[in-house]
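Heads up: the sequence lines are chains A and B, in that order. For the record, in the first sequence the residue sitting at position 194 is 194 according to this note's numbering, with numbers rising by one throughout. For the record, in the second sequence the residue sitting at position 412 is 412 according to this note's numbering, with numbers rising by one throughout.
Derived from the structure by calculation, the hints contain no laboratory data. Careful: at least some of the hints might be erroneous.
Here are the simulated distance ranges between beta carbons [stated by the list, open to error]:
{"#": "1", "chain 1": "A", "residue 1": "L234", "chain 2": "B", "residue 2": "N330", "range": "55 to 61 Å"}
{"#": "2", "chain 1": "A", "residue 1": "R206", "chain 2": "B", "residue 2": "T361", "range": "44 to 50 Å"}
{"#": "3", "chain 1": "A", "residue 1": "T227", "chain 2": "B", "residue 2": "M392", "range": "33 to 39 Å"}
{"#": "4", "chain 1": "A", "residue 1": "D177", "chain 2": "B", "residue 2": "N422", "range": "31 to 37 Å"}
{"#": "5", "chain 1": "A", "residue 1": "K14", "chain 2": "B", "residue 2": "K442", "range": "37 to 43 Å"}
{"#": "6", "chain 1": "B", "residue 1": "M392", "chain 2": "A", "residue 2": "K14", "range": "17 to 23 Å"}
{"#": "7", "chain 1": "B", "residue 1": "K365", "chain 2": "A", "residue 2": "D6", "range": "43 to 49 Å"}
To be clear about the criterion: a stretch of chain A counts as covered by chain B if any three or more of its residues have a C-beta under 8 Å from a C-beta of chain B, and this derived list gives those stretches [to be verified]:
{"#": "8", "stretch": "82 to 88"}
{"#": "9", "stretch": "105 to 118"}
Bear in mind that the values here come from a model prediction, so they are computed numbers and not experimental data. Each residue gets a CB set at the ideal place from its N, CA and C atoms; glycine is no exception.
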Amino acid sequence: MLQIKDLHVSVQGKEILTGLNLEVNAGEVHAIMGPNGTGKSTLASVIAGNENYEVTKGEIIYNSKNLLELSIEDRAREGVFLGFQYPVEIPGVSMTNFMRTALDEIREYRGEKPLSAAQFLKYMKQKKALVEMQDKLNNRSVNEGFSGGEKKKNEIFQMAMLEPKLAILDETDSGLDIDALRIVANGVTKLKSPENATIVITHYQRLLDYIVPDFVHVMYEGRIVKTGDKSLALELEEKGYDWIKDELKA
Amino acid sequence: MTDNPKEIALELKDKLLQRFESVLPHFESDESDFFVNKRKKAIEAFKEVGFPSTKNESWRKTDLKPFLLKDYSFSFTENNNNQIPSAYKCNINQFDTDLFTMVNGKWVNGSDGVTTYDNGTVVASLSTAKIAFPEIFEKHFGQCVVNERNGLIALNSAFYEEGYFIYVPDNVSHNTNLQMVNIIETNQNILTNTRNIVVLGKNARLKLVHCDDSVDNQYSFINNVTEICLDNGANLDFYKLQNKDDEAVVLTNTFVRQDSDSNFTSNTVVLNGGLIRNDTYVNLNGGGANADVIGLYLMDNKQIVDNHVFIAHNVSNCTSNQLFKGIVDNEARAIFNGHTLVKQDAQQTLALQNNNNIQLTNISKIDTHPFLEIYADDVKCSHGATVGQLDMEAMFYLMQRGICERNAKMLLMVAFVGQIINKIKLPNLQKSVDELVRKRLKGELSSCEQCSIQCAEPDKPLHFDIDMSKV
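So that you can see chain B by itself, here it is in the shape it has in the complex (with noise of 0.2 Å):
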């Protein structure tokens, strides 16, 4: 071990490099030649590339070298005996959901890890697909990936082994919600490479909700890809909860690729981590097709949070919408990157950028940059962000009417987030999300015990002095 920097992360790229030569045989035995290809066409690629760091564009604002300087295991092929950790075996007749769990980028559920629903959509997972699946799985494994100059995805693309497989055949409207959790919980800093393949039919429809967790304030770092194709006039609704302790690297890139008149929501609730990177790329590849990309994030201490969006609208007739909202206390800092590209002949557009945030002290920092590619000239689109601090006169009239300072700010802080809570379509998930948050936003939350959606104890009622939404 060195004590210089540059060279612990050149350390990391370097085992990385290795490990993949000693885990090849085990990929050589297991895969077609199709797979263990790609395998070694990413490994050259992340060979070449390496880690991003702030001399990227897109990574300028976000120096992840820290991050790379721990000592990560990685958990490739070892034999997995995982179990649900207890504290998560919880109750869900509240939230309604298949529940699926990954604990340490391993799958636990089932032993042969397939669920197949009556109306012929599958559950699976990423292993189990490959062999059971291999038409579907081979058709849009990779497919929406347009980055592989990325170095993370690259490292993804070399060393994947688990992640969840979905598919939902053409013109079935899935009626159960799936949930999918992803816990960290070892005593070891953990390095996992999860791939999830989320495919919808022709109108084909599907509530999914995609949780990050862990227990333990051991370093982490997770490198997820995750690849989205939503043929004609399906519908996806993918919720992700990501709260993970402060020690906890999660990095997270999306695609999505729609077809005509496809609908495709994401919101996405950070409420706590170390470092959180979310790239979102969605690429509007048929007319009529509708992308939401929303979300919120709540950062304290030091933690970071970073949205990238990318949404190409290539053909007209596309409508997007890009919400992320924030508050950042103490040191935290937020990133917000938004960018719509809109090609020559996607005239009749209709897209839209916005970025608020609340910086509660002068020493967080926010970095937002709403940005527009236009070449059509028929296109209504609108960008906006905001930074600012809790309003001072509304703060005033709140306490002249005997509400305490503290209560005054939660009032506040909850309006500002409501905008991203109240579009949350699943009534239960939006309950308790807007729980989790209002015990965020009072400091009663710094790493969930527990899974996202079941706090401390499900049988329960949450107590909040200022909760009476329901009157």
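Looking at chain A on its own, in the form it has when it is part of the complex (with noise of 0.2 Å):
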């Protein structure tokens, strides 16, 4: 599904990734780790359009297309999502309107006919109950006045009503108690099929008890340096990164 080859890519002239590598199939989950400042957002970033970000080198494909040349609305109708660490707030923007016009777009994209209102309320009343949304979040504006936990929340709902085929999560678990996480996790995990993947940004084990992933990486200085399964995560909260540090030193 996603192909990224020999990424480099720089902010305001400081290279940011040095070449990262990974591939990402349908079906799978997989946790990126690291120390703080190792490109982890910047990659989420790169990947859904930020245009902040200049790429000097390397490709990104996503289910056969070079994802670089897309727009950012197109690689979203084209089924990938970013879960921002720090969702923004639009006043005046209702939720209703916002998801609304993101899911219209979409279905237009693919071809499909829009829902109409009765249609699209019960749709998301239905994707709401997922992640334990209350009803009063219509009518707000978008993430304004969320607590920290509501943000999250949002951003699987969000996720739920837009059926992502790649979603890539930054820092999800950031800011949730164990009652949010626990939601937030089992959001991801319902929604979970062999035909989409996810991309798990965080700096804790704690999440990925929730998100079982096949595959976990350790990014360090702008690329993966390792690769594991489910025990690298616990091994990592164990000893820290810096036997990594050495290992690469070595």
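Two independent chains are provided; combine them into the complex using the hints.
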């Protein structure tokens, strides 16, 4: 589904990603871990199409398409979803308007008819239940005044609404209490299918108790330096990153 | 004619002064000395001060001069066979107003120009009201105007002929909304001086919609003065929609005098126009009075919009709120000048001022000047202004969910102006303005071909691909 080859990315002349390789297939869950400032969020932003980053070398192939040539919105319509680390507040744009607009445009892109208002509301209600989100959020502005937990739940709710093929969750677990973490993780797990893939960026093994990864990657200095199965996450939790740094030096 | 701008500007002033001499006999034969003397006094003031220039502090940012160079014709006292342009015969059922129309500064409704409702409310042309209701008229005419040293007001006071006169008696809650439409449709470059008077008695209530429209791309110059007197406990909602073509100049001076516990809400939506300047002067003269002066402007090309608001808290326990928001595109300019004066004894004043702008290009220009002048010590006042671009982070967020750039911009711009539109208390007007604004923001509305409220085909529901607000 996703092949990233020798990806080099700079922001304001500073190279953040330094030759990253990653392959993700349908049905897989990948966890990306690593110390702060190693380029995890940059990777997520570049896949989503954030124009603040400049790809200087390498390629990203997504379902046989050159992802870097697609616009931000077309990537989303092709099924790329980014769960933001810091979801932005958008005063004056209601959740309902936002989701209706997004869903309409995605359906149009796929050649599907827009849902009627009634169908849409029913669909939205279903998806809200998945993340135990309250009805009153409908008429509230996007993320405005939401608590940290509500914002993250809202990201998973949007993911449920848009049914992406490739979801990248950027530190979705940060700032969540135990209950919210469980709800968010359960939501992600329920959305998992053999047709879609998930990349989870996290600092903590805790999340991976709920969202069990097929692969765990360690990023350091702009590339993936170690890949293992879920036991690697446990090892990192226990020993930190220094042993990997030492391995690299050796 | 001469090519020297200064001389032409002078020429317009001279032409007006000459014109006054020629129409004076007409005024003298039709009017009592009371009015004629006021006109004479006003023309003297105009002769002395002339049109405002950038040397005047309050006109420093808005140069009227280029607009004075056109060869305007004056319609004073000429016979008038004006019809409402066919395009304006619109279906007003949806909007539920009683519609009164002026074309090129002349009244077209009814032969006698006066409508009296069962509850005693009167809507009349100014010229009729002067004769039919001399007592109320003379009591209020010119009473709210506080700035005779302003050349435009002096010009208006010398030449005014028509306008509307609205009177709502004490304790009458007028239950039909009144809509006054002022259309310019002529093949001449017309200059008009319209004068409106709105008087609400004690505890009277009214919702009034004022529309300025034009249909031709002819130069036009509207110099309007509106006087509003609100007695104790009166309540006026005053909506102003201005949708003019790019060659139009609209200058309005609105004076509001408020007694105790009265409430004045004005919401001015400027969609289009060459130069639109709205000066609003509010005097809060009785405790418990409240004034909300809010507005919205969406300008592009080389359009200029200038909102000046002056609110005087003359006594204690009054509240006021100024809020203007605007989106400025291309080379357009927006000026906001808010001035709140809190006099020495005006304790317990609550006064807010805010102006927020979105600049879509770096060649557009915004001048904002919120200003508080406070002489009392027990008051709550705040002022603020912002000028910014669309939030790029929010744009990325919306687009990451599959929304195209155009619609993402629309969502953010509609959200930005929504704060003003949501304050419109007439549901159908709110809906229409919302639709007009969306149309305007999509670039589909340069100059409305119909009156502001009913666009192109009233029967056909307007479709916007992102309008799902009613879900």
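Indices of hints not satisfied (ascending)
The structure conflicts with no hint, since it agrees with every one listed earlier.
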